[in-house]
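Chains as they are written, first to last, in the numbering used here: chain A, 1 to 367; chain B, 368 to 643; chain C, 644 to 968.
These are computed hints drawn from the structure, not numbers from a lab.
A couple of the hints might just be wrong.
Derived EDC-like pairs (lysine to aspartate or glutamate); straight-line CA-CA distance at most 16 Å [as the list claims (entries may be wrong)]:
{"hint": "1", "chain 1": "A", "residue 1": "Lys162", "chain 2": "B", "residue 2": "Asp632"}
{"hint": "2", "chain 1": "A", "residue 1": "Lys252", "chain 2": "A", "residue 2": "Asp161"}
{"hint": "3", "chain 1": "C", "residue 1": "Lys767", "chain 2": "C", "residue 2": "Glu755"}
{"hint": "4", "chain 1": "A", "residue 1": "Lys252", "chain 2": "A", "residue 2": "Glu172"}
{"hint": "5", "chain 1": "C", "residue 1": "Lys832", "chain 2": "C", "residue 2": "Asp813"}
{"hint": "6", "chain 1": "A", "residue 1": "Lys265", "chain 2": "C", "residue 2": "Glu821"}
{"hint": "7", "chain 1": "C", "residue 1": "Lys727", "chain 2": "A", "residue 2": "Glu277"}
{"hint": "8", "chain 1": "C", "residue 1": "Lys727", "chain 2": "C", "residue 2": "Asp813"}
{"hint": "9", "chain 1": "C", "residue 1": "Lys767", "chain 2": "C", "residue 2": "Asp790"}
{"hint": "10", "chain 1": "C", "residue 1": "Lys832", "chain 2": "C", "residue 2": "Glu821"}
{"hint": "11", "chain 1": "A", "residue 1": "Lys252", "chain 2": "B", "residue 2": "Asp632"}
{"hint": "12", "chain 1": "A", "residue 1": "Lys125", "chain 2": "A", "residue 2": "Glu277"}
Sample of chain B residues facing chain A (criterion: CB under 8 Å; computed from the structure) [as the list claims (entries may be wrong)]:
{"hint": "13", "residue": "Leu492"}
{"hint": "14", "residue": "Ile496"}
{"hint": "15", "residue": "Thr498"}
Heads up, the beta-carbon is just placed ideally off N, CA and C, and yes, glycines get one too.
Each chain is listed here by its residues.
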Amino acid sequence: MSTTNTEAGDAPSPASTELMAPAVGAPRRRRAFWGLVAKRLAFIPLALFAVITISFLLVSIMPGDPALAILGSTANEQEVATVRSQLGLDRPLAERYVTYVGGVLQGDFGRSFFTGQPIRDEIVKYLPASIELVVMAILLAALVGISIGTLAGYCRGRAPDKAVRVVIAGLEAIPGFLAGLLLIFAFFYLWRLVPSPTGRLGIVNIYPPTVTHFLLIDLILAGDWNGLRSTLHRSMLPVLTLALAAIPLFAKITRTTVGGAMGSKQIQYARACGLSEWRVVQYALLQARTPILTYTAMLFGAMVGGSAIIETIFSWQGLGQWGLKAIVALDIPAIQGFVIVTGFCTMLVYLVLDLVVAALDPRIQHG
Amino acid sequence: MASLLLSAAPMRRHVGLVAGALFLAALLLASWFLPLPYDPIRPDATATLQPPSAQHWFGTDSVGFDVFSRTIAAAGRDLPIAFGGALAAALIGVFLGLLATTKGRGSALLMRSLDAFQAFPLLVLAIAIVTLTGNRLEMVMFAIIIIEAPRFLRLVRAEGLAIREARFIEAAEVIGAKPLRVLLVHLLPNVSGVIAVQLSIATASSLMVVAALSFLGIGVSPPDPSWGAMIQAGARQMTGGQWWVALFPGLAIFLVVVCLNLVADALDVILERSSR
Amino acid sequence: MSLHVRDIETRFRTTAGEVHAVNGVSFDVGDGELVGIVGESGSGKSVTINSILGLIRTSGTITSGTATFGGRDLIAMRSRDLRKIRGAEIGFIAQNPFGALNPVLRLSRQFENVVRAHRRLDRKEIRRQALAMLGHVGIHQPERVLDGYAHELSGGMAQRVVIALALMLDPTLVVADEPTTALDVTVQKQILDLISTLVRERERSMLIITHDLGVVANYCDRVVVMYCGRVMEDGPVREVFRRPYHPYALALLRSVPRAGQALQTLGGRLPKLNAQPVGCLFRDRCPYRMDVCDRVTPPLREVSPGRKVSCHLDVEQEVPTLVAG
Ligand SMILES: Nc1ncnc2c1ncn2[C@@H]1O[C@H](COP(=O)(O)OP(=O)(O)O)[C@@H](O)[C@H]1O
Ligand SMILES: [Mg+2]
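Chain A on its own, in the form it takes in the complex (with noise of 0.2 Å):
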């Protein structure tokens, strides 16, 4: 990233500037950063290119025979051919690709094994669920692990730096699947507090009528108040517990920048102008702000895949669910468009922080 230099080793602009008037204007600043944006677009063919590539050659060149594991290894030669020819993996390296790849960039990911049904219709069905949950979880744990991140970084070597590093020692080693359970034991079992983990929806809501495919969105569009407040405390556990997996990674990023920011100068310098500790926290956290969202970025391709078996827990009806389901079926095209899609997902994600990060910082210069 190119960030001008802010530490002591600047080096002092000659004299003849001095007098001058500042250097960069905002609208030259602007239109730099729509270039940054443009040549952001740019890449995201080759991002396209790429997850569908690796898709592509995790049928065709892994070690193994994906008819033999799909047909088990009592099939007779006639059968392992026919499923072969089926997947098309008779025919040349070579051609496979192209036609695969011409297929994915019309939209046609092929038709499921076992259902039939086109594989996108499939991805635009459950895709969105994903994308609700993902966010909400993200949400949480970025309010939850930014907090706490900033307590412990503020503290940095006291009782509450310590309370919290226990606290993200021991979230990170609980797997993401045991904690649902777990949760599901207390809050469900043994307190009553939330309905049973399956599905979205209780059993006496009406699914709202189709249009946007966000469960939530739709509901309120829908005007339907209960159905949302169904959603909702059905959604607690779910993001809860995705939400878990994320914090010590959100509080841990938060605490090593703001603690480092604490002792930085510039705190040094807002307390000396005598800005309360709530300005100089603030301070702190603008610091530590693209560390976080450049992390978040990273955090998202592990939530994607945190979230597949989370789904399938709580019966979440989402696209990780879907795929889980279709990996262990063997179902290969829609193995190929589950790997696209969250491929594809998490690589935008990373474009589009990466652009928020420069939108937010004045000092990149956008070349």
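Based on the hints, put chains B and C with the ligands in the right spot on chain A.
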């Protein structure tokens, strides 16, 4: 000098290292050599879903397996896979990481591809790979390598670049040391500390991957005991109140991960101290 | 307003043990007086003023001392009350403007934050005052500067902004910690002229920290020479420069500093400050070392009116006069 500083490190850190390592060793040795109260792979159909008791310390599951025996036995399977995977990832990651400290197009290209690769949801990829290649145990290791090796690579490269800045490498190159010799003789020993720390962390996170995979029934062949699969077996019981089926294997994972992180923390402090 | 500092001691806990950074520092800044603190890098100048301003955080503690400012002891004061003094009654000028100013907030926001920490004023009024103040510190396009970010400025301009911030609330004492070290040599003089003019024309007091004897000679009324967290000599600039009493001050002046040139370090190294120091801390590098220097810490004593020295020698007799050259 180094030993003096080492002894000045807080004793607490050594306690963490020793306690963590002892617990892990004890668990592993128990699973290999200790006679277990019940056969971990033969269920007793007359004793299903028994709560913890004097006969069945951790209770039994819905098939009649003794949870205690299986929890201990699973350590003998899960830990070596996790450690083996982490070790393999370390070998590959360190090798590529050292190469990436050399200047040149290749190393820039390598880092770029790594960026793209790590942006991918790697757990999803790992699950797909293991399943598509026929659910074999070696492929679980392969999945671990895919996830962990990039971390070693980045770490070793960052450390290596910092060390390269130091004079003596330059001096060695000036007097005509072969590049490979520079990597192996001068760089490798200096990054061995961070590798040891990362190996401990990577083993912990590999164990999580192994558990996640076997929770999904991937990479395990029943009735072989595995913590993840045992938690899966207890998943349905959670809504019925039979918490012990999933809790005890879960606790095992938790303790092992905590111990590995303790060891990593302690190594970090001790090694960093002695290198200063 | 005047500042009276007495016997400040500050220590840091580090992984390598305790660091006794400041070991009993006393000095005064009178009304309308410009006082310079000089000393080699690491002699505890910054820690001293940070102690006075309540900017020492977790790893450090002030173990003794008082700093009386307008009748109130800043050291004993609750941090809430001290916060209200910082920035309003005591203005602070940082060493490196780019390290101090917030890089991601517009300067107008930073002016608002500082003013609002002390006064209830609306945004428009703050802007008006900020523009006027930026004009005072010699910024030609204050509007543009105020609506921009710190990194868009040159070093000299950025330091002018810091000066404007320090003077915004018309403090009675200005503290500047090496205000020009981070700047280009040609800009240094402009900035120092600016600060001293502004302070003098408002009849305010100022404490300026520097390792540049030329700065002291040109701008200060009195000089405090520090070494290893202690005051070695304290007196009017003219007199001290003409006839230094302390062997350390003598050595400093002999190293012929010119304006804008950093202090040359003398032979030998600063002693380690890991234990409670005993005796004179300069003894290892002192040509006049006596037995008593090892055992007894020389007190800071008044040798002649307005001149203080901490040395066991009968300085007026035994320390040679500075031979110009
Ligand atoms: N936060 C800290 N922790 C430990 N030691 C410190 C800290 N701040 C300053 N010191 C030590 O105090 C001494 C004086 O430092 P300082 O006041 O910054 O010197 P200077 O006169 O150059 O401003 C130095 O030896 C420094 O190492
Ligand atoms: Mg200083």
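**Asked** So which of the earlier hints does this model not fit?
**Response** Hints 5, 12 contradicted; others consistent.
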